[in-house]
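**Q** These are the residues of each chain, in order.
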Amino acid sequence: MSAGLAIAWAVLGGAFGSHRGRLALSVLAIALGVALGFAVALINEAAIAEFSGGMRSLSGSADLVVRGPRNGFDEALYPRLARDPDIAVASPVVEVDARIAGRDDALRVYGVDAFRAAAVTPALVGTTKDALDLLRPGTVFMSPAAAAWLDVHPGATLRVQSGTHALPLAVAGYVRAESGERFAVMDIAAAQDAFARIGSLSRIDLRLRPGGDAAALRERIVAALPAGLEVATPDDNAALTRRLSRSYRVNLNVLALVALFTGGLLVFSTQALSIVRRRSQFALLRTLGLSRTRLIALLVGEGALVGAAGSLAGLAGGYLLADAVLRVFGADLGAGFFRGVAPDVAFDIRAAAIFAMLGIVAALLGSYLPAREAAAATPAAALKAGDEQHAFARLRSPLPGAVLLTAGAAAAWLPPVGGLPLFGYGAIALLLFGTLLLLPRIAAWVLAAMPRPHAIAPALALEQLRGAPGQAGVSLATTVASVSLMVSMAIMVASFRQSLDDWLLRVLPANVYVRAAAAGDSAYFSVDEQRRLASIDAVARIAFLRTQGIVLEDGQPHVTLLARDLPAADPSAALPLVGTALSLRAGDPPPVYVSEAIVDLYGIRPGARLHLPLDGKQRNFVVAGVWRDYARQQGALVIDRSEYTRITGDATATDAAVWLAPDVTVDEFRRQVDARMPGAARMSIATPGEIRVRSLRIFDRTFAVTYALLAAAIVIGLFGLSSSIGALVLARRREFGMLRHLGLTRRQIAVMLATEGFAVSSIGLAVGLLLGFLMSLILIHVVNRQSFHWGMTLHLPWGSLAALVLALLALALATTVVSARQAMGHDAIRAVKDDW
Amino acid sequence: MAIDRRRFLIAPLALAATVTRGEVVYPQVTAGTALAFPRDHGAHPEFRTEWWYITGWVDDGDGRDFGIQITFFRTRPGVAEDGGSRFTPTQLLFAHAAVADPRAGKLRHDQRAARSGMGLAEAALETTDVRIGDWSLQLAGQKYTANVAARDFAFALTFSARQPILLQGERGFSRKGPRAEQASFYYSRPQLTAAGALTLDDRTLRVNGGAWLDHEWSSAFLAPGTQGWDWIGINFDDGGALMAFRIRANDGSVHGSGGTLRTASGSVRTFEPAAIRFTALRYWRSPRTGIVYPVAFRIEAGSLALALEPLFDDQELDSRASVGTVYWEGAVRALEHGRPIGRGYLELTGYGGALKI
Amino acid sequence: MIHLDRVSKRFPGPRPRTVLDGITLAIPRGLLVAILGESGVGKSTLLNLIAGLERADAGSVTVAGSELDRLDDDALTRFRREKVGFVFQAFHVLPYLSVARNVGLPLALLGHDRAPAEDRVQAMLAAVGLADRGESMPRELSGGELQRTAIARALVHRPAIVLADEPTGNLDPDSAAGVIGLLRERLHEEGATGVLVTHSRAAAARADRVYTLSASGLDPTSL
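Chains as they are written, first to last, in my numbering: chain A, 1 to 836; chain B, 1 to 357; chain C, 1 to 223.
So here's chain A without its partners, still in its complex pose:
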């Protein structure tokens, strides 16, 4: 046997040598897929670790954290908790996202009692030579990351915005935060004063007495808490953060896996063709006594080598890529989930093992299918020249493909699993695999239906395709996979973008929008400022808006409460409602309009009663309608502003929508605001057009990574397409040689090949377009809806789809022609003598 093995290795080794280029391509494809997957995993891991680490350092040794609405809760709770015999330390904290003067960014500012925080969250205590700086109003301590970010260091002045006023804060030093969060710390009294938070706290960190029972204490505290407050452990908070970004991270992982999948497909096409070309060699080995299993093992081993080499290169590449991405784009990859952290990448053994394994498995599968085929051939038949065509001639049963398609269609209707659209992703995978399995049959069916052309070259091309539908299947598979993935993403993104655009038009009906500040939650319009703004000559009509973050359910993230002026008669005029608004009956509580995310996340339906924690008490509302909101993924609620003010006594506003008087320009309005409003310079005044441009820019930035990953997958797919076409053409040089003998001109052979390429690409494009369309429906209605709770309407980007089709056709033709040149560069005389 060892002699047989030696021969086998000699033959296989020779094969390795002779198609080194395509082998390198396979290794590269696997490497790229593994690199992308590993990089995404590393980046996510780094971001999460940094974020949780940051949360841990910021929550210090707290056992429990009491938190409430974003704008705070009554501080009277604090002494009550501080006196609790089971609580060792209660540390009150005020959190404000203060807009940084002159920038559209906000900096988280923590107001702390240093005496308390020192015992629970030392990371929130500044270090300074003059300890009194910890207490001085107008003094602030920066985290090193924040200082570096804003280039504001001790001795300098940090300027933030409060209300519509600028607030200069002297930077007295750094805080001891070890991780990379951006924040500033000041005395709690000063923070309450400076940001109009007198009497209110954002959270209270609790440390238990040694040996205390956190669960029991939590239960006891929760029972006595005012409405809208919750008690969480720091772990809960970290988990919440992870959950907030999970859909996004999973989405990126899936895209990386797609890249790995196309890499596997490329290995499959390369291996399939290389194995087919070596059929007679394998037949020889079989004749010499190599068993079928041994042969499969040999070929699969070859694939495993490719996979291992690719995985190894991929891991190294992925690590470097992750490092570079974190450096350049930051942890959130531009999507805004991990604001204000700058983590370092750490080599994650577990992720490395998983992706190396995936890479090898992809290559193994890519090799196994053609290897099984090769081993199944009867040695005698395979020894005959020309038998390779037979490998492609057989059509498999359509049953497995049909079963996969059906399963895919069914999976699309299933609900999310743990907030993730696992079945949605599964449905897409099933549809894709089902289609790939059915491809040879579809191709045969389409080719059979084509009329036979009169000219000899195209006729020959069609005959060749009909005669060996399996051969075209390899190129078809890569084409269909690339095209369908590309098309589905293109349709989904276009639909999303168009829906966002339409939505912006509906939610921005006024001429100008004025915000108290461009970022953060530290700015607002006082009642007096609202009056002044309304009395400006240029203003024909003005509507104010107050935003607030509240907790609807324990353990859930803040949802946004928007208190705005709603026309009672027709709320849909002010809101992009999905469906119709409920008409209220006499005696109904005041209406609340919920966004689609609220429906998805909390299962709240129109007509239901909803308790909103306002001013520490549960207030009764009736859900009067559902509206579409692309701005707040965790959900948003709209209530009438007068109702809000009546309940909370809070008459401040954060935003204003302004309808201008006839013939007044926006510039004129700006001038009048500048003249009449003292804090005008710090307000943000924007037209709907400007907001639209900005929103779409953010949208594009968010999808930039998605595009990049997809592009990588597609590039691999196209590599596969080119390589399979090229390999096929090269494999047929004897045929071309013979045809040249018979008197076919070079041009006729080129036409023949171009026809083949065109036919295969057309079928691949058609099937890919159709499949991509179906997959886009799943992306839109299942994956996106379940992941991000965004409802959207289907929009087909005809222009880009047409460009895509043309580009792919051109690529297929170009590859064919280039390969044909290469094939005919070979000596027609030698070609006909080749026996294998």
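Among the hints, erroneous ones may be present.
Listed next, with one range per pair, are the computed distances between beta-carbon atoms [unchecked claim]:
{"no.": "1", "chain 1": "A", "residue 1": "T287", "chain 2": "C", "residue 2": "D174", "range": "21 to 27 Å"}
{"no.": "2", "chain 1": "A", "residue 1": "T293", "chain 2": "C", "residue 2": "G169", "range": "33 to 39 Å"}
{"no.": "3", "chain 1": "C", "residue 1": "L110", "chain 2": "A", "residue 2": "S800", "range": "29 to 35 Å"}
{"no.": "4", "chain 1": "A", "residue 1": "T293", "chain 2": "C", "residue 2": "D174", "range": "49 to 55 Å"}
{"no.": "5", "chain 1": "A", "residue 1": "A346", "chain 2": "B", "residue 2": "T158", "range": "55 to 61 Å"}
{"no.": "6", "chain 1": "B", "residue 1": "N208", "chain 2": "A", "residue 2": "A196", "range": "55 to 61 Å"}
{"no.": "7", "chain 1": "A", "residue 1": "A214", "chain 2": "B", "residue 2": "P102", "range": "38 to 44 Å"}
{"no.": "8", "chain 1": "B", "residue 1": "E272", "chain 2": "A", "residue 2": "A196", "range": "54 to 60 Å"}
{"no.": "9", "chain 1": "A", "residue 1": "D235", "chain 2": "B", "residue 2": "D134", "range": "47 to 53 Å"}
{"no.": "10", "chain 1": "A", "residue 1": "I198", "chain 2": "B", "residue 2": "P102", "range": "50 to 56 Å"}
{"no.": "11", "chain 1": "B", "residue 1": "D134", "chain 2": "A", "residue 2": "E690", "range": "54 to 60 Å"}
{"no.": "12", "chain 1": "C", "residue 1": "A123", "chain 2": "A", "residue 2": "S800", "range": "52 to 58 Å"}
No lab work stands behind these hints: they were computed from the structure. Cβ coordinates follow ideal geometry from the N, Cα and C atoms, glycine included.
Keeping the supplied structure of chain A fixed, place chains B and C upon it in accordance with the hints.
**A** Frame of chain A, contents of chains B and C only:
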């Protein structure tokens, strides 16, 4: 004095010496102001700094001696006087407690710090009633009650006064430096009878003994260039009491000193600076901080000459890890001609300055 | 019909090699000529020169009235399409076409109408003894049948010459004898001239004339 100003949390003494940015004007301590009780047992929040300081010896009846210390400091930082916030840090309160256990050979100590307000940390005006969370010191009639629940010890002790209030300096006006404003209001309650419970390692002991209380308030009592001070308060076995202090300049000279002796019969003698002399007899180097303290002294006050010998050497209060201050505050025996005649406390501050890393 | 006049062919490269040196050969119409020789003496090169697949370095090649040296690549292709038929050692029957389609390829290339072409194909298939195998796929045929298909394909468009390079190389002796006999019979029937390159004396023996190609040149041989 050269205590690192970062070490702020328990260093109201340091605060007092800090030249702040003059955000507020503190009242001066002036001679001739008559102290009035019980009002002057209470807090004087307008002054920059104030403390109530109890030191004493107790034993468990089985011959086991312990040194006991509890101190409440109040300070008015003067940086944020008028904010609308209930957290505005107009007054800060600090507390230190320590137990000297000869068997352990070192101090157990702990501290608290808080801004006053919200009922969580308060210093009452009417009489001695200061608290930070569950640490408190209160006066009712002639009896002080101190409650401390620390990390590794706790005590609930009463201190009953048997003797009248001892006004230090000129009827409670105690000069600390060459300038008129370098002074404090200062009175002591020597010969307090201590009784109550002391809990160590989850074992509660009934203890009895004697103690000394100082209550002092000021706005700026230390001269610039001060390195630290040495202070003693001794209860004599015969019922008499001696307080003496000296303030050391950072050039090694003595800025000022003073003392008061009340004899068993009740006659009070106030010493001129020249009449007080501290002579170090023995030094001890802390293995933790490397600081060298003169833990045994020869004290001369007028015609009185005493040798002070510590209960044990290592009574250094090292809280660098938490709040950063280091000083020596220890139980000492007073000997005359080698014969014990009284017990009290010795306080040594500012020795770490020169050795600071 | 075929006239080679002092034809020489050299292969350049790291080890340049002259395979044909001043060969002169004239083959009259209607004869089957066999060329014997050791491996590597240039038998196939001679055949390729006649087919216009390679160009001579010196001398002239005239086939069916065309002076091949004067034709460009397109003209040579047309020349082969119309005037030449090929039989290969490895058959080279397109696996994805039926036997009839394979045989009909040259006619399709010449743009013949389908109906008469099909008649001609059928006639050729009958002539090579494959009348009922027209709709078979090549893989269903034996080696001898495949080569008979190739012979039918080589003659279907009535070429002036048929070139056969080791047509019996992949066949057993019985099939080989049958194939050469059939080739000669069909050539005579169609009035075409044939050149058979082989190293099999048995195959050569069935030709009308036999030459032996060696390093010293081309010599008439009688077997």
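**Q** Does each hint fit the structure? Answer for all of them.
**A** Tested hints:
1. T287(A) <-> D174(C): 21 to 27 Å: This hint holds: roughly 24 Å between Cβ atoms.
2. T293(A) <-> G169(C): 33 to 39 Å: 35 Å, holds
3. L110(C) <-> S800(A): 29 to 35 Å: 46 Å, violated
4. T293(A) <-> D174(C): 49 to 55 Å: 39 Å, violated
5. A346(A) <-> T158(B): 55 to 61 Å: 59 Å, holds
6. N208(B) <-> A196(A): 55 to 61 Å: Hint holds: Cβ distance 56 Å, inside 55 to 61 Å.
7. A214(A) <-> P102(B): 38 to 44 Å: Between A214(A) and P102(B), where Cβ atoms are some 39 Å apart, the hint holds.
8. E272(B) <-> A196(A): 54 to 60 Å: Cβ of E272(B) to Cβ of A196(A): about 58 Å, so the range 54 to 60 Å holds.
9. D235(A) <-> D134(B): 47 to 53 Å: About 29 Å separates the Cβ atoms of D235(A) and D134(B), which means 47 to 53 Å is violated.
10. I198(A) <-> P102(B): 50 to 56 Å: Since I198(A) and P102(B) have Cβ atoms about 52 Å apart, the given range 50 to 56 Å holds.
11. D134(B) <-> E690(A): 54 to 60 Å: 58 Å, holds
12. A123(C) <-> S800(A): 52 to 58 Å: 57 Å, holds
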